[in-house]
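From first to last, the protein sequence lines stand for chains A and B. According to the working numbering, the first sequence holds residues 5 to 254 in order. According to the working numbering, the second sequence holds residues 179 to 460 in order.
There could be a bad hint or two in this list.
What the hints assert, rightly or not - Covered stretches of chain A (chain B as the covering partner; in silico rule of three or more C-beta atoms under 8 Å from a C-beta of chain B):
{"id": "1", "stretch": "160 to 168"}
{"id": "2", "stretch": "185 to 196"}
As the list claims (entries may be wrong) - Some but not every residue of chain B turned toward chain A, in silico, with C-beta under 7 Å:
{"id": "3", "residue": "I189"}
{"id": "4", "residue": "P195"}
{"id": "5", "residue": "N232"}
{"id": "6", "residue": "L236"}
{"id": "7", "residue": "N259"}
{"id": "8", "residue": "R262"}
{"id": "9", "residue": "Q275"}
{"id": "10", "residue": "F277"}
{"id": "11", "residue": "T279"}
{"id": "12", "residue": "F287"}
{"id": "13", "residue": "A288"}
{"id": "14", "residue": "R291"}
{"id": "15", "residue": "F292"}
{"id": "16", "residue": "D318"}
{"id": "17", "residue": "F322"}
{"id": "18", "residue": "L323"}
To be verified - Computed list of lysine-lysine pairs in PhoX-like fashion (alpha-carbon distance at most 25 Å, straight line):
{"id": "19", "chain 1": "B", "residue 1": "K254", "chain 2": "A", "residue 2": "K181"}
{"id": "20", "chain 1": "B", "residue 1": "K252", "chain 2": "A", "residue 2": "K78"}
{"id": "21", "chain 1": "B", "residue 1": "K254", "chain 2": "A", "residue 2": "K185"}
{"id": "22", "chain 1": "B", "residue 1": "K182", "chain 2": "B", "residue 2": "K209"}
{"id": "23", "chain 1": "B", "residue 1": "K329", "chain 2": "A", "residue 2": "K202"}
{"id": "24", "chain 1": "B", "residue 1": "K357", "chain 2": "B", "residue 2": "K426"}
Hints are computed from structural coordinates only; laboratory data are not their basis. Here a beta-carbon is modelled for each residue, glycine too, at the ideal position from N, C-alpha and C.
What follows is the residue order along each chain.
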Amino acid sequence: MLNNIMVGKYYPVNSRIHMMNPVSKIICTFIFIITLFMTVTLRMNIALCMMVILLMLMSKIPLKIYFRTLKSIKFILLLIVIINLLLQVDIETTLVMIIRLSLLVLYTSILTLTTPPTEITYGLEIFLAPLKIFKIPVNRMALSLSLALRFIPTIIDQANKILKSQASRGIDYYNSKLRGKFEALKAMLMPMFILTVKKADSLAMAMSLRLYNINAKRTNFRLNIWGLFDTYMVMMHILLIMIVIVGEVV
Amino acid sequence: MEIKLENVGYIYNDKTPLKKVALKDIDIEIKEGMINGIVGPSGSGKTTIAEIMNALILPTSGKAKVGEFLLERKVKIKNINDLRFNVGLVFQFPEEQFFNTSVRKELSFALKRFKYKTNNIEKHISDALKMVGLDDSYLDRDPFLLSNGEKRKIAIASILSFNPNVLILDEPTIGLDNKSKQDLIRLFKLLKKRYNKTIIVISHDVEFLHLMVDYVFVINDGKVVLEGNKYEVFTNPNLASYKVKPPKIIEFSMKVLEKKNIRMGYRDDINDLMKDVYRNVK
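Could you put together the complete structure from these sequences and hints?
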């Protein structure tokens, strides 16, 4: 039922992007997001679009998987179009907004689809390590984020089961009209909340039972080595942001 | 109500690296008015069969016939609620089935959706609770805060409340004590005998199944590997090779036959078997 949602799911295939160091992937994502919000012209957005498509192809993940992630934000995109039409914003600006949001979702999907949640945590911890100087609890932040990412598929799975249970007793979300869909979603919120809290509670208990200590110094089972390809990708992103600064800002 | 699966296959996450074949060319014809058991090891595809029979998922290959409905890949089914009104499914885990904040709402949900008369709803709810051995004091309680056994009973009652012709129960014994299991057996036998219901029990608990089923399908690795009446299936020497252990009472009879060459006959009840043993010893 909700199997089309790919947010937070890891897609295991063997590609150069999969083999990259998670730290370099996070650096690239960070640079790309800044770049994305600095681009204002349609021309530059299309150039970024080409680059994202290239990265998507390099990841060897079928393009339809990426388009599924776009499908999940179709209502937000539609809302942007409607608001812009109402405010009589010109077409170019509307297109830029749509491309920008789509690229943001697609690029972050490349990160989550090619990197297991544990690797993302590792990457974030290293990436945010300088903030420790300001006594910011980086390890706690990284753990919270990785748990949040880890739980997205679980929550989707849970929602799927509730939708099935509703369907078997008369409300079929996918085969009903708007009122039925609304009723199904309304009935789903409360159990989703209860079950999520319960799951979080049992997870916390399981971690305590295994003597998890947030402040302990951690080592990695697998060493993430920074390769030439990582350097090349980071350099490419730095070059990209420089081109955008020269082209758009200056 | 006819339920027939012909060459049904189902693949989860098809065409992705996470692909999992749950069913391969499965053929099942449910015996009407009987208690049908579907038994098999974990991961053999039992739950997938239940979901196909309730049209919650459609087969990726082959076809399933449920009453007048034909379920095939990418078929849009009209009036799907007519099918679900006739085929009630009790989920494997009650917590995945609940989505209401009180037992009353949980039990009346389907009745409202299937357009029962408002003045009859309370009676149906009360009767359903009684059937599973609970009383009206549970009506205002939160289903998520009940014990595992009570949750299981509420899950069954929420399906019994709308009185479907076919009842599918996915692992109904998990979390139940021995007395509750015996009560369930009595209830299912009553539903079959008095109301001529077709009951499909999916379980790997053979001790529970052999006490009540009439006809058994053994599933292994997504295929039906054995089927027949319970006497044929549970005494089949190949049963263990399909990762299904015969019931203890059968195991004992077979051992006696093997070691002493004494045929004890098929007994459901341990007391009958004891009588046989005494008779043979004398």
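* State the violated hints by number, sorted upward, taking the hints as numbered earlier in the document. => Violated: hints 3, 6, 16 and 18.
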